[in-house]
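There are 8 protein chains.
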Amino acid sequence: MKKETLVRLLAEVQQGLLTPEAACGQLTHLPYEDAGFVKIDHHRSLRNGMPEVIFAGGKTVEQVAEIFARMAKPGVNVLATHASAEMFAAVAQMVPAAEYHAVARILLLRQQEDEPQGRVAVLCAGTSDLPVAEEAAVSAEVLGAEVERIFDVGVAGLHRLLAQRELLRTAQAVVVCAGMEGALPSVVGGLVSVPVIAVPTSVGYGASFSGVAALLGMLNSCSPNVTVVNIDNGFGAGYVATLIARAAAVGRTV
Amino acid sequence: MKKETLVRLLAEVQQGLLTPEAACGQLTHLPYEDAGFVKIDHHRSLRNGMPEVIFAGGKTVEQVAEIFARMAKPGVNVLATHASAEMFAAVAQMVPAAEYHAVARILLLRQQEDEPQGRVAVLCAGTSDLPVAEEAAVSAEVLGAEVERIFDVGVAGLHRLLAQRELLRTAQAVVVCAGMEGALPSVVGGLVSVPVIAVPTSVGYGASFSGVAALLGMLNSCSPNVTVVNIDNGFGAGYVATLIARAAAVGRTV
Amino acid sequence: MKKETLVRLLAEVQQGLLTPEAACGQLTHLPYEDAGFVKIDHHRSLRNGMPEVIFAGGKTVEQVAEIFARMAKPGVNVLATHASAEMFAAVAQMVPAAEYHAVARILLLRQQEDEPQGRVAVLCAGTSDLPVAEEAAVSAEVLGAEVERIFDVGVAGLHRLLAQRELLRTAQAVVVCAGMEGALPSVVGGLVSVPVIAVPTSVGYGASFSGVAALLGMLNSCSPNVTVVNIDNGFGAGYVATLIARAAAVGRTV
Amino acid sequence: MKKETLVRLLAEVQQGLLTPEAACGQLTHLPYEDAGFVKIDHHRSLRNGMPEVIFAGGKTVEQVAEIFARMAKPGVNVLATHASAEMFAAVAQMVPAAEYHAVARILLLRQQEDEPQGRVAVLCAGTSDLPVAEEAAVSAEVLGAEVERIFDVGVAGLHRLLAQRELLRTAQAVVVCAGMEGALPSVVGGLVSVPVIAVPTSVGYGASFSGVAALLGMLNSCSPNVTVVNIDNGFGAGYVATLIARAAAVGRTV
Amino acid sequence: MKKETLVRLLAEVQQGLLTPEAACGQLTHLPYEDAGFVKIDHHRSLRNGMPEVIFAGGKTVEQVAEIFARMAKPGVNVLATHASAEMFAAVAQMVPAAEYHAVARILLLRQQEDEPQGRVAVLCAGTSDLPVAEEAAVSAEVLGAEVERIFDVGVAGLHRLLAQRELLRTAQAVVVCAGMEGALPSVVGGLVSVPVIAVPTSVGYGASFSGVAALLGMLNSCSPNVTVVNIDNGFGAGYVATLIARAAAVGRTV
Amino acid sequence: MKKETLVRLLAEVQQGLLTPEAACGQLTHLPYEDAGFVKIDHHRSLRNGMPEVIFAGGKTVEQVAEIFARMAKPGVNVLATHASAEMFAAVAQMVPAAEYHAVARILLLRQQEDEPQGRVAVLCAGTSDLPVAEEAAVSAEVLGAEVERIFDVGVAGLHRLLAQRELLRTAQAVVVCAGMEGALPSVVGGLVSVPVIAVPTSVGYGASFSGVAALLGMLNSCSPNVTVVNIDNGFGAGYVATLIARAAAVGRTV
Amino acid sequence: MKKETLVRLLAEVQQGLLTPEAACGQLTHLPYEDAGFVKIDHHRSLRNGMPEVIFAGGKTVEQVAEIFARMAKPGVNVLATHASAEMFAAVAQMVPAAEYHAVARILLLRQQEDEPQGRVAVLCAGTSDLPVAEEAAVSAEVLGAEVERIFDVGVAGLHRLLAQRELLRTAQAVVVCAGMEGALPSVVGGLVSVPVIAVPTSVGYGASFSGVAALLGMLNSCSPNVTVVNIDNGFGAGYVATLIARAAAVGRTV
Amino acid sequence: MKKETLVRLLAEVQQGLLTPEAACGQLTHLPYEDAGFVKIDHHRSLRNGMPEVIFAGGKTVEQVAEIFARMAKPGVNVLATHASAEMFAAVAQMVPAAEYHAVARILLLRQQEDEPQGRVAVLCAGTSDLPVAEEAAVSAEVLGAEVERIFDVGVAGLHRLLAQRELLRTAQAVVVCAGMEGALPSVVGGLVSVPVIAVPTSVGYGASFSGVAALLGMLNSCSPNVTVVNIDNGFGAGYVATLIARAAAVGRTV
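Chains as they are written, first to last, in our numbering: chain A, 1 to 254; chain B, 1 to 254; chain C, 1 to 254; chain D, 1 to 254; chain E, 1 to 254; chain F, 1 to 254; chain G, 1 to 254; chain H, 1 to 254.
Okay, chain A solo, but in the shape it has when bound (with noise of 0.2 Å):
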């Protein structure tokens, strides 16, 4: 959406020749904002009431503040993954109330805050798998869950996890991070019977292939209820373990 298509349509509301109701008709079929290298998408956040994302990585520290402050414009919550903290500190300068999560590296700004609906818990096999159950986590909140941590219980050690069952059960939906074989997910899909994501992490070294092994024991996990995401995905799987809780919570009508 052009910036004199946007001026238009609000000056047309602010002197009655427009109701609110059809400028946001209007506003749900103009598809996007168009910054010359970038197409904002307000569409989404409209659609599915989900925060705006950016994915930071491979972009400069210039576009990724201008693009946040435009995200941020409409008054919706704005999510940045993969951000620097040389990223925090520009958008900060356009954006004041946002956030930095070093751990999880994520750029937030919250904006609107609703009450959590939907229980995900996120696990993690070890203390170097954290950042990504970091990302996992606060995604999963900033998304709108409730979030139960469950961190450092790896397979070799069981007796730690098992000790966690009955909490385990309390969640809607559940995310494990593990790095090196990968082998929690399987575990844990067998003592839950709601959806598992399982998150490679790239902890590990020489034949874990920075998350390739614990990729490939996740996607082959005899447990039916595993899903897969990216190494070191933990936004993508905070992001659907959140759909499917929510949904589980509130329901979802067809």
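The hints are simulated quantities; they were obtained by calculation from the structure and are not laboratory data. It cannot be assumed that every hint is accurate.
To be verified - Coverage of chain F stretches by chain H, computed from C-beta distances (three or more under 8 Å per stretch; other residues unrestricted): (1) 152-160; (2) 205-215.
Claimed, not checked - Partner residues aside, some chain E positions facing chain B, computed with beta carbon under 7 Å: (3) L18; (4) D114; (5) S128; (6) R160; (7) G206; (8) A207; (9) S210.
Each residue gets a CB set at the ideal place from its N, CA and C atoms; glycine is no exception.
With chain A held as given, fit chains B, C, D, E, F, G and H onto it using these hints.
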């Protein structure tokens, strides 16, 4: 659970030494039926209401028939994936009510029939993906979901998919099967706001590497609502989609 | 061509011992200029009207500067790809008219300016793909095509691409750059009937394997008008697209 | 397009309620023919004058026959690649005019015969590459190009290729098929100034990895006019080469 | 050792020209029996009391039979792995006492029977892993260990494994066979304090890549007592486990 | 184990309400110490007499220091692998008695010193493999074995290895570290009759693929007494070799 | 060379219009015989005295027979590798003097018999490597070298190899074939001072990946006199070894 | 060889107890000098007249300096590959006569200077391949061959190579270095009849995978006189080429 144990337990119930409730409690804690070469886990169906499932690949015809027959005894639904026509013949002799879906390579016994709950859409990119898509669809149906099949809607002829947009949006979970470049889940993920379970298929040749190209494409999907299962794993996708759709349809309190 | 040979040849022209036509013939058959560590092939630009091109990657700053300066001497356009700012500084001292496109990492000297012929559309899926898309676009412009940039039209938000459909169809050749799942070329291939040159980019993380996921996706495209170049090879794509579009625009008799 | 819709439309034309022009317009917008397990896209041939194409790999004999017969109805040319002799037998019963090119594994129906336009050269490195080279050549011929075959000109005996240099330069687009080290496209790319479509073939053994070695070699070609298609994808190469050569021969205004 | 040499040696013993002790010394230094296409190493069994072992894979039926018969002559135990039923038939004609374990694909001749020493547990994750697990178990038995089989205890149904915990802890070395995600060795490694030999099996499909997923998972095990052998190498695992268990049982002074 | 629990337990012992034996029993069943981001498992050292081990890779300096200090409290030996000099500095402030083996990258605290039992030989192929070989050797020493180092005995100069044959045969378990082609374990495996733990190292370049070549070589060893650990996993090899050698030296009844 | 050209040429020689020397010169410059689907290069044998060679893999029986017969005409030796028994039958009908080496899969015609020059040793690690080793040995013999076969000398039983050390040192070039871990060339490379041509074989299973493990091992050999050819390429190794040994035996002035 | 042994030996020579010939014999059988972390093998230079060679990669500066100095003592030539400028500085302090070839990354000490024998041509495809080509060329020179450098003759501009054909044919062995598609060795292999040692270089980007594309291309070369060494292994290629050329030049009787 050894046979003697079971016999003794039932005898005690018969003699009034044990109430049915107590016996049930014991059975729930008795872990499994030990058939020598296989340990049949009757728990799973008790725990989450899902049917018993056999992965027939790599098993002998005799093993599949024996496991199927044992699993069928308690009166639950039984499902065997990757099953050959020869296995069906062997099973049918022991369990005459068993059915065989040749395209989906699924061996099936329905002993309990519930009203389907939750709505799953199963899409595939081309006619060659049909076996995997049918495995997902049949699995979801047996597991208790209502299934909408939307086949042959590959991305190279986008209008075929766009024409099904409304139908697609009635589902609470979506399964998308695609081989070759595996691009369909990303496109579908942008059209719906529910979870999309992507199934790479081994359809293709050359640099498709028996489904690896599609698998990688799906793992790297830029649509955040996409998660992935193993190549050709229609069953797993149907299973998770059903979990999601049913929970959304009936709610799931924690 | 050794320096002495060239000097002798030109002296003969000067003295009237050789007509310019004859000298031209000789030059066309003299294979190349031997600068010791490099053999500069002045033929290519004579043969097909394309500028001289240097792949600066893996060469030292000094080598690039010397090759660039030598190539520039005959008055043709010169293009160096994968060039650093440091290389530009060194070249600019020897060839002050040289320009540098920092985003595209292209070093450029325009000494001949022709009317552009043929129309090339350059698309990219996301903002992170910009460097590669700009390499393609700048290359195509220097090589003599008119270029239309259509950026940030990834498949997860299809309406952004569909809104550009008409513009897209004015091109005689299309370059599509995409990382991650690399699905855009297949979708674009279905919307146009001209050749699509797909460029996988190394944008992504984890199972994108620095562009391999996108590369495989593109090689397996179900759109038959898609061909592929190396990961991040914007230059190659721009080069071939220009060859195609120019031949379509001006015809090419055999 | 459902059958009823078509019947009604044609009835209206017959009754004079609809002009043929208007009917044509409607047909152009009706997206496809829905045959249950397959959605036949009659658009493509209308849009770009290309024949209908079926990828027969992974389809059953019955599916191929039914799709072929349906596609053949509107009187256009039809092409099925990766087709077996058994498929030909099934098709021939329904479409007696169909032909079979056993070496190229192409099933073909010619119902429209236009003057060939544009000239495509198809080269292969060795006799073992013949099936792929023939697939490219036959495809290009059916698609409307004049084809020059230059076979068995591998780089280890360079004089065989150099002897064909003049012939080679008469083409407006070149297809080069090679297995093993896949070096031929680079060498050919240096000898011509038109686009070269490289087709890696699965010819070889050991570290050829069924064509991967050739594929990688071609993707890394140092000749900038080389683009690549999938391993053994002779059809795709013939398709794109024809698009290029025809546009060069007849021009293509935008 | 050429036949003549052996004959002469024995003759000298017979004639009293050589004491048995001296002959034994000579035999220990004679390196091997040269049968033309194969050099049979009688040393190994003399040196470490292990039976002679033949890897039958890639050998012809005739070669296996001839090698087996030669190895059997000195009265030791002989073991051939990867042996087909056809090989058994050929061997049985020459060595009637040979046995065949069809599931384990092991051809066996027991000529020496010692009391088993050391206790090896052999586990497998699922019924499909049986052939490899049996190869390990039969090998360990022939090599002189007492073997406990604990089968079908995959991690998705953890209670089946936990129920065997006590039994498991009686072993001095543990072999764990698993395909698919290969998670079982890590879990078992956490439950016992003796060495665990992990055997990835080729059970699975798609991204199991014929056992690579399981192999990588096992190499990255977070349990430090896990080491790994080749995919499907049940024999190797049984061999090493027996070495470990026997040394632990009988002690091994240095 | 929460702090309060521990305090209460010890108070009860002090007050005579609990015998030491009973307290010990309870402690053995209390699963672990929950430090928020990490769950410290004091069990392992109690169960098998091995020291506590930290994989420092991927953890922050602060995390390593805190975990190390907590683990040190019960007076056991503590070992951290993949530890940097910076981590040592942080740990040394909290645990002054900690030592650092820079070559092996091991952080170490010895609080219990037992007589070494069992003899482990550690070999490496070249000087570049030293860091991994030292990691194995230092680990084995800390874990309680006597260690013989035999370094720089690569297979290209066989006489260097053969000269150590006698020394080699005194070990009850052998660790062999090698990069590049990784052939040394096979050769050593033929010279000894005890288990050989092979450690591929990332030494090499080009087609060594950071240790993959050596890893594959070792997995395919034709010596049946060879098992393999992850690339550069000197610690794991030293751990398992110590388990084997100690059990052989002191016997292990079941 | 077209047939007419050849006929005319020979006629002129017959009629005394052309001396044999002149005809020979012309023939040397006529590039090849164009048989339609194949271009037979009679040059090679004239230029370097080597026989004509056909790679029969991927060619039809008819193609092999026709090429073989044409190559045989000038009276030179002809060699076809990767040849089946069926091909031999077809060739024998046209060229009765042809021989077939079944183990080596070589089809052979000897029409010139020279005294062998230069001595090549061919080694293999195990009996399963025999087909490749025989391909190398037979090739070297046909190409004119004296061949010493030293088979079944794998590194796990080093004394078998060391016993052949003196014999090995009489060769001017060495071919070493090995599958599995492929360690033999490195060991042999340390024992001799002439070039060693390493041939990885596809013998093995699991992580041998059809010869990739052996290939990588050989490429990373720490013996500097080792070079490598493709997996199972016995012919190539025999060819190069013969070039080296013959040049060493007879000298080669430049 | 321990220092004491050497001292005692020399003392005996001095005292006339041992003739120099006898001492020499002993030294030849003393296997190596044991410097603790490294075993220096003085044999190799004695045995085959080649200089001592150090692979400096992965060694510390101190280790390289110490090994270099020790190797230099007997007065032979010493060569260190993969050597940094920092290593040169350290070596130069201990061995002032050492030289450094920065492009080739070779550290060198010439203490014996023989007349070069045998002629090696070293080719490279592009300027970026220079470091590897220089490593080969410098190595061959030090090892005693006469070297002809033919650089920047990539296959995309074939006339540059063809112009050097005569020069090329004067060599007794040829080294060809190429990155990207690695096609040059196949083309050169067809132009010469001596062995060609192909060296893949890591030059390129994207799907060159740091030299893998070139490596695979070379392994699959259709020229039978091509063998291959590791990626970037200029030294190995120069070494083997020198062995071949010298033997051809001076003959080598067996």
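The hints, checked one at a time:
no., hint, in the structure
1, 152-160, "holds (count 5)"
2, 205-215, "holds (count 4)"
3, L18, "violated (54 Å)"
4, D114, "violated (28 Å)"
5, S128, "holds (3 Å)"
6, R160, "holds (5 Å)"
7, G206, "holds (3 Å)"
8, A207, "holds (5 Å)"
9, S210, "violated (11 Å)"
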